[in-house]
Amino acid sequence: MGSLFTVTNTRFLEVTVERDEGKSQAFRVPAYENQTVLDVVSWIQQNADPTLSYRFACRVGMCGSCAMMVNGVPRWTCRTHISKVLEGEAVTIGPLLNLPVVKDLVVDMDPFFDKWVAAEGVHHGGLTRDDPIAAVDEESAARVEANAGIECINCSVCYAACDTVAGNPDYLGPAALQRAWTLLNDAKDEGRIAILDAVSGSGGCHNCHSMGSCTTYCPNELDPMSAIAGLKRETAKSFFRRGR
Amino acid sequence: MSMARGITSRAHPLWLAYILHRISGLALALFLPLHFWVLALALTDPARLDGFLTLTDNGVVKLAEFGLVFLLAVHMFGGLRVMAMEWLPWSAPQKTLAAAAAALSFLIATLFFLQAI
Ligand code: FES
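Line by line, the protein sequences are chains A and B. Under our numbering, read the first sequence as residues 1 to 244, first letter to last. Under our numbering, read the second sequence as residues 1 to 117, first letter to last.
Hints may contain errors.
What the hints assert, rightly or not - Restricting the straight-line Cα-Cα distance to at most 35 angstroms, the calculated cross-link-like pairs of lysine-lysine (DSBU-like) are: (1) A:84 / B:62; (2) A:84 / A:103; (3) A:237 / B:62; (4) A:188 / B:62; (5) A:188 / A:237; (6) A:188 / A:84; (7) A:23 / A:84.
Hint data in this document are derived by calculation from the structure and do not stem from the laboratory.
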């Protein structure tokens with residue numbers, strides 16, 4: 001079988017997969033010239049152990065479903081070339097941190113998405129279909145801020161990287177707060193009060209210690225830490241204005 | 001192994017600045033009660049204070065003093081860094097320039113001060 005890969009492999013990768021309840025399992029995976037971390041996991045599932053569970057969909061960095069811990073660092077595995085992460089010929093792959101493990105490399109993303117909603121990361125429209133389409137000034141400072149965060153793919157890499165999330169299960173986390181900051185700056189969103197209330201609570205933006213792991217590891221090079229700093233400024237301003 | 005992993009994933013400048021700020025703060029918090037207690041000796045037991053102060057001629061104590069000043073400086077600049085990062089809506093290059101300017105001015109002022117004394 002595998003006539004597509006008749007090339008005789010001279011190199012093998014020593015892959016450790018962290019499976020359920022902290023059990024690690026070692027696999028020898030043939031090395032190829034072009035191989036992502038996701039390819040390695042897929043090879044194991046297709047050739048060595050069909051019971052290995054993992055998640056992916058698009059394989060091109062769009063859907064955000066393939067994130068895993070690779071050598072202790074959260075990464076989007078479909079866009080991470082194996083050569084970038086190998087230590088010698090070895091690599092360790094585990095499920096994302098800070099989320100409950102369902103099985104093997106699959107985590108339950110519900111807490112992540114629930115917090116997205118809890119941070120008011122939903123559209124707060126003010127117009128109806130009968131209103132004319134409002135013009136958006138692409139150059140305005142607020143729009144520039146909003147645009148900075150819209151490429152988020154919900155992969156949860158920042159959420160897994162954040163020690164504040166690890167220490168406080170109620171903390172909304174970098175992705176949800178960045179979404180709130182994006183909507184706060186969106187001229188078409190009218191949820192200002194609701195957003196500021198949602199992000200200034202006990203799990204809100206003021207938990208952030210600006211460790212910056214979110215910004216360091218975001219695969220799309222977004223900057224949640226600065227977005228959260230923006231929320232800190234806005235919530236503080238509105239606090240003093242309301243005179244509470 | 002897992003400890004080493006825990007460190008490698010965090011060994012980026014922002015996290016290191018964060019942990020340095022935290023640890024220097026904790027160390028200062030531990031030091032300050034001791035510091036005040038020694039100062040209080042001036043009132044309660046001056047002879048003992050003098051005995052204690054002769055210790056400061058000791059090289060090891062001098063090194064420890066250097067450590068304290070270092071902790072204070074690290075903690076102060078760490079605090080200024082956090083405030084600038086979170087409260088100034090500037091772009092990253094602007095902040096880098098501002099920090100470089102502040103550091104340079106501080107260096108020049110310190111050199112001037114050392115000349116003066
Ligand atoms: S599989 Fe879609 S982002 Fe990796």
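Comparing the hints with the structure gives:
no. : hint          : in the structure
1   : A:84 / B:62   : 46 angstroms, violated
2   : A:84 / A:103  : 26 angstroms, holds
3   : A:237 / B:62  : 46 angstroms, violated
4   : A:188 / B:62  : 62 angstroms, violated
5   : A:188 / A:237 : 22 angstroms, holds
6   : A:188 / A:84  : 41 angstroms, violated
7   : A:23 / A:84   : 25 angstroms, holds
When each numbered hint is compared with the structure, violations occur for hints 1, 3, 4 and 6.
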